[in-house]
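Asker: As given, the protein sequences belong to chains V and U, one line each in that order. Residue numbers for the first sequence follow numbering that gives the first Met the number 0, beginning at 0 and rising by one. Residue numbers for the second sequence follow numbering that gives the first Met the number 0, beginning at 0 and rising by one.
No lab work stands behind these hints, which were simulated from the structure alone. What you are looking at is a predicted structure, and each value in this text was computed from that prediction instead of being measured. Heads up, a few of these hints could be off.
[Said to hold, decoys possible] Straight-line alpha carbon distances no greater than 30 Å define the calculated DSBU-like cross-link-like pairs of lysine-lysine that follow:
id, chain 1, residue 1, chain 2, residue 2
1, U, K246, V, K7
2, V, K15, U, K334
3, U, K418, U, K276
4, V, K11, U, K334
5, V, K65, V, K99
6, V, K7, U, K276
7, V, K35, U, K289
8, V, K11, U, K276
9, U, K469, V, K35
10, V, K65, V, K35
11, U, K200, V, K35
12, V, K148, V, K108
13, U, K430, V, K35
14, U, K289, U, K360
15, V, K35, U, K246
16, U, K291, V, K7
17, U, K446, U, K276
18, V, K35, U, K186
19, V, K65, U, K187
20, U, K246, U, K187
21, V, K35, U, K334
22, U, K335, V, K15
23, U, K246, U, K446
24, U, K108, V, K65
25, V, K7, U, K350
26, V, K7, U, K289
27, U, K350, U, K291
28, U, K341, V, K35
29, U, K446, V, K65
30, U, K341, V, K15
31, V, K65, U, K112
32, U, K200, V, K7
33, V, K65, U, K360
34, V, K142, V, K131
35, U, K200, U, K418
36, V, K99, U, K350
37, U, K341, V, K11
38, U, K335, V, K11
39, V, K15, U, K17
40, V, K35, U, K446
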Amino acid sequence: MVNAQLDKIIDKYVGKEGVLIQLLLDIQRELNWIPKEAVTRINERLGIPVSDIYRVASFYTALSLKPRGKYLVRVCAGTACYVRGGQRVLDAAEQAIGIKTGETSSDLKFSLETVNCLGCCALGPVVEINGKYFGTATPKQMKQIIERKRSA
Amino acid sequence: MEQKNKEVTITVDGQQVKVPEGTTILNVARQLGIDIPTLCYHAEVSPFGACRLCSVEVTKHGRTKIVTSCNYPAEEGLVVVTNSDKVSKVRRGVLSLLMARCPKSVKLKNLGKLYGIDEHGLWESNPDEDCILCGLCVRVCKELVRVSAINFARRGVEREVTAPYHRFSDDCIGCGACALVCPTGSKKIRIHTYATVAPLKGVRDENFGVHIDVFSAKPENGTDNLINALLTSGFKNNLFDTAIFTKRGDGYSGEVKVAQNTGEIANEKETPLLRIKMISTLQEAIDQGKRKIAFIGLPCQVRAARKIQQTLQQEMPDLDITTIGLFCRNSFNPKKLREQIKSILNIDIDKAERTQICDNKFIVTVDSQDFSCDIDRLDSAIENGCSYCNDFVANFADVAIGTIGSGHSYYTVIVRTDKGAALLEKLQLTKTPVMKADIVKLSEFKKNRAKANIDPILREIHAQRSKEKKVN
Ligand code: SF4
Ligand code: FES
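Isolated chain V (complex conformation) (with noise of 0.2 Å):
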């Protein structure tokens, strides 16, 4: 079955060169994570090292090599929002999930992380959900956001 769906990925980039990252965007896109098997199948099928994979996959934070949840939930420990209580918001979040930063929930609804800027300090502390931003985050907000999207 995975196989199936990431022989369709890999398919487009069969007989090109440089295109690790961006294969393995794509997985991750479809898959929200690189399995081992992902690995494997990329070096069967395009002959690049597993080792070179692996080094790439490591490198990114965009890319994850353990899964991730439905929701991951980026928290900003750059200076500014720090200053402005960014580590508040994270024990918030950790309380609220029930998980420790770079943790994913066990039922993989939550993925924890903390990030060094998202270029808007000016609205420190701020916190990122799936591309959603969400400026001067208090703890309260934060722990009614995660409740709200746990019973979406």
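Could you slot chain U with the ligands onto chain V? The hints should help.
Answerer: Just chain U with the ligands now, kept in the frame of chain V:
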């Protein structure tokens, strides 16, 4: 891009020279006998500029800057200074950081002494860190050995060199080149690769390895395949409950099989002359709780299995891997072999019933008809890495088996360990002496081929070492 034949004039420490454009400053300096310290440089692989120790000062259009000489190309009118105060200061800075990262490295300490660095003045870091992330091992494994078993992973302070997933490598052939070139003698990359494996106990014969017995044999009980007979007998006598081996898949391909009983090993086609990834299968079997495992593989794979057994010994004292090694001149890259066989013999190897190497001939049987060509003609189809391997007779196996050295329907058997002897003891065999000369010939051939490839790597290392000795 770079014009090869154009000559440019550059000045290094006051000496003017003409060199081909694009020659690195480091190489120009070396030609002039000027010493520039390096850590991540090796003449046989592409420069990387990771360690920054080779920093020098260059002036171009009246502007002066610090660059890494190992990857900075010579251009017209460039003025280079390799020994200014500023250069020393930069190198001292670089070295202090590297020494702080790898506090135990003797090589760094010696270099530090040269630059007057007090190692006690450095801040604390991980006392066991021994890798400066110069990536020399990565480049050697990728560019020379061409198996890319190891690579960088992750980023920032977490950046490291490792085999994928921190698991035992499927691709490492245990050539040891990475360990040879490592400037700090790091132990880290060796955990999941097979660059170093503790030798078997016993006296080592140059061509036959450590062994307690060598003979030609065939099973008495009717089967004509000795390996199947050994597996069957091993299962029956409870020497193992799982067997991992490679068999022909569709066309000319190979696949790894895991068998739990004798029924599952019968009726398999012969093993193709291909190196199929087996180590992750072995590791998965161990993860699933299997402890008594028979592993049948090529010399490099057996070496890996031995290393895994040695590494996990503490953690899993009951892990018991019986290794059966197959003689191997080299394996082939399936794609290249397919093309070569097509062009030389004009046959489709995917249709082959059987492939074998005999008397320096590669023999393919299609529709019960034999086609053959000289093995040397297939050199361009040799699998990556094989020409760096010097192990013909599976030196790390409990038992090594091959057809070289024995007559028709007989197998050459080299018993290396007591475990191997116990496995063979249970089997009724007809034995005759081995034609040793045939084995010696191939064993030497393989060793010489590997040596020819490793020698250039060593030459550079020796040159650097002798330079260091002179200095210290
Ligand atoms: S031992 Fe050889 S094949 Fe294995 S990682 Fe080192 S250089 Fe690569
Ligand atoms: S030798 Fe030039 S940067 Fe390491």
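Asker: Taking each numbered hint in turn, which are not upheld by the structure, reported in ascending numerical order?
Answerer: 9, 11, 13, 14, 16, 20, 24, 26, 27, 28, 29, 31, 32, 33, 36, 39 and 40
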